[in-house]
Amino acid sequence: MSANDLTIRIGGEAGMGLESSGAGFSKALTRGGLYVFGLPDYYSRIRGGHNFFSVRVAPHPLYSHAEPVHVLLALDLETIRRHIGAVVPGGAVIYDAKEDLPDDLHRADVNFCPIPLTALAEEKGGRAVMRNTLAFAVAAGLIGFDPTYLESVVRDNFARKGQAVVDANLRVVEAGVDTGCAFQADFPYHMEAIPDAPRRLILNGNEAFALGALAGGCRFVAAYPMTPGTPVLHWFAAHAEQYGVVTKHAEDEIGAINMAIGAAYVGARALVPTSGGGFSLMVEALGLAGITETPVVIYNAQRPGPATGMPTRTEQGDLLFVIHASQGEFPRFVLAPGTVEESFRAGWRAFNLADRYQTPVIVLSDHYLAVAYRTVEPDALSFDEVTIDRGALLTPEDLDGLEGDYRRFRVTDSGISPRATPGHPKAVWTTTANEHDELGAINEEPENRIAQVDKRMRKLDGMAREVEGPIRYGPEEAELTLLCWGSTYGPAREAVDRLNAERLGWANLLHFHDLWPFPVEATRAALERTKRTIVVEGNATGQLESLLRTHLGYTADGSIRRYDGRAFTPEQIEQRIKRIEQTE
Amino acid sequence: MSANDLTIRIGGEAGMGLESSGAGFSKALTRGGLYVFGLPDYYSRIRGGHNFFSVRVAPHPLYSHAEPVHVLLALDLETIRRHIGAVVPGGAVIYDAKEDLPDDLHRADVNFCPIPLTALAEEKGGRAVMRNTLAFAVAAGLIGFDPTYLESVVRDNFARKGQAVVDANLRVVEAGVDTGCAFQADFPYHMEAIPDAPRRLILNGNEAFALGALAGGCRFVAAYPMTPGTPVLHWFAAHAEQYGVVTKHAEDEIGAINMAIGAAYVGARALVPTSGGGFSLMVEALGLAGITETPVVIYNAQRPGPATGMPTRTEQGDLLFVIHASQGEFPRFVLAPGTVEESFRAGWRAFNLADRYQTPVIVLSDHYLAVAYRTVEPDALSFDEVTIDRGALLTPEDLDGLEGDYRRFRVTDSGISPRATPGHPKAVWTTTANEHDELGAINEEPENRIAQVDKRMRKLDGMAREVEGPIRYGPEEAELTLLCWGSTYGPAREAVDRLNAERLGWANLLHFHDLWPFPVEATRAALERTKRTIVVEGNATGQLESLLRTHLGYTADGSIRRYDGRAFTPEQIEQRIKRIEQTE
Amino acid sequence: MLTRKDFAGRERPTWCKGCGNYGILTAVQMALAEHNIAPHEILIVTGIGCGSKLPHYMRVNGFHTLHGRPVAVATGVRLANHGLRVMVVHGDGDGYAEGLSHFVHAARRNINLVDLVQDNRIYGLTRGQYSPTSERGKRTPSSPEGSIDYPLNPLALAITAGATFVARGYAGDLKHLAWLIGEALEHPGYALVDVLQPCVIWNRGYAYEFYRPRVYKLEEESDYDPTDHKAAWERTFEWGNRIPIGIFYRDPTVPTYEEQVPALREGPPLVHRPVEGLRPDQVEALLSEYR
Amino acid sequence: MLTRKDFAGRERPTWCKGCGNYGILTAVQMALAEHNIAPHEILIVTGIGCGSKLPHYMRVNGFHTLHGRPVAVATGVRLANHGLRVMVVHGDGDGYAEGLSHFVHAARRNINLVDLVQDNRIYGLTRGQYSPTSERGKRTPSSPEGSIDYPLNPLALAITAGATFVARGYAGDLKHLAWLIGEALEHPGYALVDVLQPCVIWNRGYAYEFYRPRVYKLEEESDYDPTDHKAAWERTFEWGNRIPIGIFYRDPTVPTYEEQVPALREGPPLVHRPVEGLRPDQVEALLSEYR
Ligand SMILES: Cc1ncc(C[n+]2csc(CCOP(=O)(O)OP(=O)(O)O)c2C)c(N)n1
Ligand SMILES: Cc1ncc(C[n+]2csc(CCOP(=O)(O)OP(=O)(O)O)c2C)c(N)n1
Ligand code: SF4
Ligand code: SF4
Ligand SMILES: [Mg+2]
Ligand SMILES: [Mg+2]
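Line by line, the protein sequences are chains W, E, P and U.
The first sequence begins at 1 in the numbering used here and counts up one residue at a time.
The second sequence begins at 1001 in the numbering used here and counts up one residue at a time.
The third sequence begins at 2001 in the numbering used here and counts up one residue at a time.
The fourth sequence begins at 3001 in the numbering used here and counts up one residue at a time.
Simulated from the structure, these hints should not be mistaken for lab results.
Just so you know, not all the hints are guaranteed correct.
Claimed, not checked - Quick list of in silico lysine-lysine cross-link-like pairs, DSSO-like style, CA-CA up to 30 Å:
no., chain 1, residue 1, chain 2, residue 2
1, U, Lys3005, U, Lys3175
2, P, Lys2017, W, Lys161
3, W, Lys98, W, Lys124
4, E, Lys1455, W, Lys578
5, U, Lys3005, U, Lys3217
6, E, Lys1455, E, Lys1426
7, E, Lys1161, U, Lys3017
8, P, Lys2175, P, Lys2005
9, P, Lys2005, P, Lys2217
10, E, Lys1124, E, Lys1098
11, P, Lys2230, U, Lys3217
12, E, Lys1578, E, Lys1531
13, W, Lys98, P, Lys2017
14, E, Lys1161, E, Lys1124
15, U, Lys3005, U, Lys3017
16, P, Lys2230, P, Lys2217
17, W, Lys531, W, Lys578
18, E, Lys1098, U, Lys3017
19, P, Lys2017, P, Lys2005
20, U, Lys3230, U, Lys3217
21, W, Lys455, E, Lys1578
22, U, Lys3175, U, Lys3230
23, U, Lys3017, E, Lys1124
24, P, Lys2230, P, Lys2175
25, W, Lys161, W, Lys124
26, P, Lys2217, P, Lys2017
27, U, Lys3175, U, Lys3017
28, P, Lys2175, P, Lys2217
29, P, Lys2217, U, Lys3230
30, W, Lys124, P, Lys2017
31, U, Lys3017, U, Lys3217
32, U, Lys3005, W, Lys426
33, W, Lys426, W, Lys455
34, U, Lys3175, U, Lys3217
35, U, Lys3230, P, Lys2230
36, P, Lys2175, P, Lys2017
37, P, Lys2005, E, Lys1426
What the hints assert, rightly or not - With beta-carbon atoms standing in for the labels, derived distance ranges:
no., chain 1, residue 1, chain 2, residue 2, range
38, E, Glu1584, W, Asp413, 25 to 33 Å
39, E, Lys1578, U, Lys3005, 48 to 56 Å
40, W, Ala97, E, Asp1400, 50 to 58 Å
Think of the CB as a built atom: it goes at the ideal place given N, C-alpha and C, for glycine as much as any other residue.
Please model the complete structure; the sequences and the hints are all you need to start from.
Here you go:
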């Protein structure tokens, strides 16, 4: 029997390298022509505790993780204790033969495969830490996956460390695969490689966003580390020299955002990656960007709050906060990509929007999207689509021809004033965080205030035309429409598929990826075609729901919220919908 | 002819002491049994520029400033240039005889009274700076106000400086009143003192709030100066020693709010006064108070933003910001007093709410309310009404009887967990900004997360019962209802009076002073009795309007917004309503 | 008499095996026991970082606040309740990056608290970025080509800012560290204890093997005088084959901030005074300002 | 050659008559003219406060930012355009209270900018509260019983933090101040110029009459050596009948931060490079990481 949707989960302690081996295994499966959704689950600590990494694999595209586990790779008994309930009947538990399996962890309908993980890793590879490579290789053997893909990943990943390390790892892989093959016959779930598949990519939202930002001309990144936004800083730091990017690990988030504003002011495309707590510290400077009309991009990968909250968990709790953050009123964009592809696109699009409207752009991701690896098509990151539009940015040549004073804040119909950067003899002016006149001088007169507020606010007309309405997935018309935003798209999309598999054409969804300015008209049009709607979002108070009420007077028929720090699964959404159905 | 509503406006440069003399004159009028509304208008600079102070006076209560000026006290020609247009026919302009009045400043229907202000001040008082005292005394003479009240204020205000200073000022007052009396006959607007009136109070919103907070047990104030919140720090610093209050001018706003949280954590009633920019810097710590359930009160006296904006002007632009500020979700209160009386009440009520619900309370004032002086009835500040309710705060005696572990975050039906403060041997625990279990230990498990989020959010049930719905002013039923919040109440109330003076019973208003949790039920009930509604608020985007849509699906019939940095006047609201009427 | 056991916590630390924080935890417990400060008589205020989890692992009052803010929180605690001992415990990223300003200002104000910094010269919890005390050239995920920031000298900074007690401890020398913490606890005023804390995961170059042979005790230097401000400042720059630990500077004669606050000069700590409404005469006095 | 007139502004300053900021404004203009730095070749980044309005009153590129943040903004400016000269101008509240952390970190990084602090030892614009450099006992609206905070010594702090140019000027000595600012502008690295600035409204005790008889120039002290780190630190504590002005410390040999940034080691400043999409080979190289 060949399954078409398997999850292999490895569990153990922090510091065992679960994530890197899980990512490697995911890459091997991807190279083997399969689609993967790889999700790390870890505590906010460096060693110990219980971490796990789930690799879901299928011959078709995947959009989220899923609940059932087919192969559990237990590096310790705690893994079995916690996850045995998730293992499907007929599934396998690979554990270290040196452990005594207590009776209460046993399940008759599951294959328990004691394998000398530590001993074998030490014997073949020389180091006990190779246990996870070994375990994944066992899994590969078990499901009948061609080991050459594992080997190719091992070669690539360890090449830097020299041939001896590569060879040791290859020996471990071989031993694992052999061991796994021995159990293969008893194991009902197989997943063979699909040879000659196109060379797909596997990456997470942070990486995709960083790629998009770099492609979009981002050349300045200032940040203070904060999970789960930190990897974007690391990514740029690692690519800084080669791609000519200045990165600065600042003294704090206030320093980071103000550095970015300084860099943007003189003309760089500047980015500040962070998480909600860091964003909180940037709120005052957001207003500085607002009133000085300085384009700057803030990437907020959300985690559950309030305050420190749950640093390594996920939530969609910052939406209304970032929309309204900072004293006073000024235009801003809030983009909330839902997938790796959308993260890439948000990366470059954010800079174009920031430059075109000379205002801050906030990209709202979350831990789930930021860290989950997903296999995407070879051309999923549309580099060809990338444009670089700097908006009304005056070139030195433009300025050469300037007559009279440079009016940085000229009142225009669009609200956009042609922008110079300091350095040209004809454009010498001062910009201020106080209310100012067209020239940039401090001005407190009522008429000027109205003119400048109106000018800034008029940008919203153009911005409203930029924002894209919700994207439909599923049939054009359906009995039930799920409304979701950001990373909930993945599990919601799969939930729609599951619902429609039972009742053809019954459900669809509308996925919001541009949240501010709220795409009122497009949403209204989309909602007109819905019958019953349920808002699905990862917070406790229903923030998208609130936007729908505010901007459309629209009240959805139901809501499904999750705020336990974990992402939705398709199964959960499906069940909650069915429960709602039943009680109605 | 005796007028029943006069405005005396003094204008000059910053540094001339306009505000203190204006406040003194206002107090004298109040002592004379009249009602005053005194409004300073000044730039964000220390000397020079053009400042003015308007004293509106009437024999009946006043709720706002008004546009027409009856007596203009011009300490310089700039004052005439700027304000001559506001002077009513028959009004007077008092100016220094040494100035040459240019023709273009002249108006035939206005009495220009050249008076040797500087020379006379120097002659009688010995110092040119006494010009404004002199000018106000002239005004008193002109309108026929009994000078003994001026003298009594002079005596009180200058007593600290010694008898010689008092005498000099008294001589100046005498000379001024005499001069003014000389013009009295030609001047149609008189306002005589009302002897034996009750001893009313005159004070501004900042003072009233501070009094209320002190009365409510506030004993810790940490702040970083920011206009217009600074005077609350100064007020407490001035009263600190006498009333046993610890005040700290901190290194920045982040320091201030975190100090307050520390003080509150160990049991003090702690306050942080600021303005929007300072509040922005406190956003992260707001979440700390949220998740650690530490009661703390933040007073945000709004000024126009974004960023530095207009430091000495007014706006109601921070409402949605403070409601949604900080990453993640947690309950909070937002109170927005509209009057001196409500500011006092918000002062003590905020602390009770903070303690009862163990959560932050934000009091939203604004520059207009914060700095405008108003005469109120002797018992307007209801000290008798003040209660001190510390909520579920465990006493040492309670803790003596504690069995087992102290559970700081016990899951309860109300969401409120009995609170200990550190120091008792039976309650030794750690509180954390991470998600935690009942004992306060870091906990990332989903079940616990849900339990703690739900527990915190359940407080909203009780909180919803605490918030008070909008207050109606005017007839129970009316053709038109104005909806307003915070300080707009004053001018809106007078606008209602003006409208009803023309068309009896035509208009009323609903004034919101509790904004979060939004008082949904009470508002719904109140709105049911309205016919046509117009939201009047001091911002550009319509923030109360937005709340009404979000929480009630209610769209008002019209809106009047002001965002030029100035407060509404009754006349302006009236005119805008009439304009709306006409275009309909 | 108290013993270390009185401070035994319920939870097992989640720190890595070999982490210097174990030593610091033990030393804190030893010092409290030695100085007879019971778990309820002190509040340990921490920031966010590996080491900031410390109060969870012992029996003590703890307040685990925000990254960078524990010194500000602790200042508020002391001002509201100067009857409670207060110790701040946080990392070098917390104290010298995000929280630098609070540190300098607390030092100059001479707030009476112990400020213990777990100085592993790295960001532990966020997985190994360089910190303000990291050496130049350090390669980390946020400085893959090597850090180009010159490191801060927190001890010199504290001395310059006016701290009245400035010390360095070493997490590998429990007895000495416990003694230092005890001295800091008894010091009337702001007391910095910067602790050389091996992070065995992200900063292997500064593990026990690095420090053990290098550290020496200032107390054992016969000619070292911890009351000499300038010499203390100078000594803090010594870093190489010999690394001084101990008390660099101490001046117990400077009044603490709390002693000088007008409202606190007399009477019990603020939070021990009844929170009551105003008396009629007080109301009268206040209202008379506005009549 | 440029003259002061090339820097004449359109607007009249809104400062009080007699304010020290007039002298600072003139000195800045003199220094720029003398060093032939045209208005468009420099960006003056300021915070919020009386003195921070300075660029509005002269012809120059200015960026008048947030209270406490100009040093961070200026750091970003320098990193993105090291072809532009950058001078930060802000008050003592701005620089040593709200912005203290940015100051210390910029100093240790040796960002190449001039940090001119208008040190009037008071909050001017917010009407006279005490600042981190106010003397103890100062009575202000936020310290009506007299300040109990010990003042900061910003020069000593800068030296300790690793600043490579540390100077004090006096707003009443234009020529000397202009010279100092010029030296700071030519200094390759972070240059603090703390300026004794009389605020004639809120801090009358520290007006010209106070400073004039007290200030003396380090340059005129034959035995003063501004390359001696320790002596410089010590000298900053002198404050009384004699108050030193001039260059306390200078080390032009330390590389600036900007020179060391990997992406900036070669080629023009970042903002002068074309902002273009990635080349196909770059896309290919990047994608290969994810296959
Ligand atoms: C405002 C904010 N920014 C960033 C973080 C993320 N963060 C958590 S711990 C930490 C630094 C840890 O380093 P350190 O303070 O030296 O403590 P250590 O882990 O080394 O003990 C950071 C940046 C945060 N929690 N809050
Ligand atoms: C975040 C923030 N906090 C507070 C203020 C209010 N504020 C404006 S200027 C200033 C201090 C002024 O003192 P200083 O920096 O010494 O400058 P000076 O006016 O003396 O030149 C303050 C606190 C502000 N604008 N922003
Ligand atoms: S990462 Fe370093 S500091 Fe953190 S617990 Fe592990 S060894 Fe200790
Ligand atoms: S208040 Fe002081 S610093 Fe501000 S302009 Fe006036 S004199 Fe200058
Ligand atoms: Mg550290
Ligand atoms: Mg100042």
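Hint-by-hint comparison with the structure:
no.: 1; hint: U:Lys3005 with U:Lys3175; verdict: holds (17 Å)
no.: 2; hint: P:Lys2017 with W:Lys161; verdict: holds (26 Å)
no.: 3; hint: W:Lys98 with W:Lys124; verdict: holds (17 Å)
no.: 4; hint: E:Lys1455 with W:Lys578; verdict: holds (27 Å)
no.: 5; hint: U:Lys3005 with U:Lys3217; verdict: holds (28 Å)
no.: 6; hint: E:Lys1455 with E:Lys1426; verdict: holds (24 Å)
no.: 7; hint: E:Lys1161 with U:Lys3017; verdict: holds (26 Å)
no.: 8; hint: P:Lys2175 with P:Lys2005; verdict: holds (17 Å)
no.: 9; hint: P:Lys2005 with P:Lys2217; verdict: holds (28 Å)
no.: 10; hint: E:Lys1124 with E:Lys1098; verdict: holds (17 Å)
no.: 11; hint: P:Lys2230 with U:Lys3217; verdict: holds (23 Å)
no.: 12; hint: E:Lys1578 with E:Lys1531; verdict: holds (17 Å)
no.: 13; hint: W:Lys98 with P:Lys2017; verdict: holds (22 Å)
no.: 14; hint: E:Lys1161 with E:Lys1124; verdict: holds (17 Å)
no.: 15; hint: U:Lys3005 with U:Lys3017; verdict: holds (21 Å)
no.: 16; hint: P:Lys2230 with P:Lys2217; verdict: holds (19 Å)
no.: 17; hint: W:Lys531 with W:Lys578; verdict: holds (17 Å)
no.: 18; hint: E:Lys1098 with U:Lys3017; verdict: holds (22 Å)
no.: 19; hint: P:Lys2017 with P:Lys2005; verdict: holds (21 Å)
no.: 20; hint: U:Lys3230 with U:Lys3217; verdict: holds (19 Å)
no.: 21; hint: W:Lys455 with E:Lys1578; verdict: holds (27 Å)
no.: 22; hint: U:Lys3175 with U:Lys3230; verdict: holds (28 Å)
no.: 23; hint: U:Lys3017 with E:Lys1124; verdict: holds (26 Å)
no.: 24; hint: P:Lys2230 with P:Lys2175; verdict: holds (28 Å)
no.: 25; hint: W:Lys161 with W:Lys124; verdict: holds (17 Å)
no.: 26; hint: P:Lys2217 with P:Lys2017; verdict: holds (27 Å)
no.: 27; hint: U:Lys3175 with U:Lys3017; verdict: holds (20 Å)
no.: 28; hint: P:Lys2175 with P:Lys2217; verdict: holds (12 Å)
no.: 29; hint: P:Lys2217 with U:Lys3230; verdict: holds (23 Å)
no.: 30; hint: W:Lys124 with P:Lys2017; verdict: holds (26 Å)
no.: 31; hint: U:Lys3017 with U:Lys3217; verdict: holds (27 Å)
no.: 32; hint: U:Lys3005 with W:Lys426; verdict: holds (16 Å)
no.: 33; hint: W:Lys426 with W:Lys455; verdict: holds (24 Å)
no.: 34; hint: U:Lys3175 with U:Lys3217; verdict: holds (12 Å)
no.: 35; hint: U:Lys3230 with P:Lys2230; verdict: holds (8 Å)
no.: 36; hint: P:Lys2175 with P:Lys2017; verdict: holds (20 Å)
no.: 37; hint: P:Lys2005 with E:Lys1426; verdict: holds (17 Å)
no.: 38; hint: E:Glu1584 with W:Asp413: 25 to 33 Å; verdict: holds (28 Å)
no.: 39; hint: E:Lys1578 with U:Lys3005: 48 to 56 Å; verdict: holds (55 Å)
no.: 40; hint: W:Ala97 with E:Asp1400: 50 to 58 Å; verdict: holds (56 Å)
Figure legend: structure checked against the earlier numbered hints; every hint is met.
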